[in-house]
Amino acid sequence: MDTLSPTPRTTVNRGKNRAVADRAELHAVLADALLAHLGVIAGAHPAVLPTAFGVDLDGPDAGGSLYLHGSVAAGWLNKALEHDVCVTITELDGLVAGRSAFHHSMNYRSAVVIGRARRVEDATERERALATIVDHMIPGRWDTLRPSTRKELAATAVLAVPLAEASLKVRAGGPGDEPEDIDAGTWGGHIPLRRVAGAPVPDPDSEGKPAPADVARRAAALGAEAADLGAGAVLSG
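According to this note's numbering, the residues represented by the sequence shown are 1 to 237, in order.
Hints are computed from structural coordinates only; laboratory data are not their basis.
Please note that the accuracy of each hint is not assured.
Stated by the list, open to error - Here are the in silico distance ranges between beta carbons for each label pair: (1) A220 x A47: 43 to 51 Å; (2) K209 x T186: 51 to 59 Å; (3) A220 x P147: 25 to 33 Å.
Stated by the list, open to error - Taking lysine to aspartate or glutamate and the DMTMM-like style, the derived pairs with C-alpha atoms no more than 20 Å apart in a straight line are: (4) K169 x D2; (5) K16 x D177; (6) K169 x D22; (7) K16 x E165; (8) K79 x E121; (9) K169 x D32; (10) K169 x E91; (11) K169 x D93; (12) K151 x E121; (13) K151 x D177; (14) K151 x E127; (15) K151 x D122; (16) K16 x E91; (17) K169 x E25.
Think of the CB as a built atom: it goes at the ideal place given N, C-alpha and C, for glycine as much as any other residue.
Using the sequences and the hints, build the whole thing.
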């Protein structure tokens, strides 16, 4: 599947010029992002829940598998299995300062995935899915951890959402101001934003111990991205 699905539910109607059809771009956003929002019909009202996630592009679902996890006691869990769900994942890249209120905006990469979630029951896939979620946060972390206990596994539910039906919108650059506003001489532009990690902070029981390699690498990688971005920036005023 090289292109994103053109179903009525994932067809971009507003801002079509920002729609991205290349599925590889969706994969790139999923690789960069750390937080997803899961939308479910929770009885008489909708609910949108922030959650960690992981992606297996070779997973058993159509288009690959988007994995989410939660407590088996969570009320939203069974609701997520009764109807199609909507998962949104957004990376905020900038604040756009227009020359009018109308042309203020944000730069972003925003993915929407719609589909019927399934509960992952197979033990091998459940372990792989949990490893995918943990390693999405901190690559290589899963292999450094003790095995999950039966009690932990019994308390944890894993859902898989197919990536087949998805859309992606991207906005970058400055404002799309009116010519007369530009001619008036008002400043317009954008403020780039980037997620940056600080140094790992040990909890009280780890005081005096260096951060393990996987944690240090992850913090350094996130910090290095921001440092590289800022290296060429010039602040004035």
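Hints versus structure:
no., hint, in the structure
1, A220 x A47: 43 to 51 Å, "violated (37 Å)"
2, K209 x T186: 51 to 59 Å, "holds (54 Å)"
3, A220 x P147: 25 to 33 Å, "holds (28 Å)"
4, K169 x D2, "holds (16 Å)"
5, K16 x D177, "holds (18 Å)"
6, K169 x D22, "holds (11 Å)"
7, K16 x E165, "holds (17 Å)"
8, K79 x E121, "holds (17 Å)"
9, K169 x D32, "holds (15 Å)"
10, K169 x E91, "holds (11 Å)"
11, K169 x D93, "holds (13 Å)"
12, K151 x E121, "holds (15 Å)"
13, K151 x D177, "violated (58 Å)"
14, K151 x E127, "holds (14 Å)"
15, K151 x D122, "holds (17 Å)"
16, K16 x E91, "holds (19 Å)"
17, K169 x E25, "holds (10 Å)"
Hint violations for this structure: numbers 1 and 13, all remaining hints satisfied.
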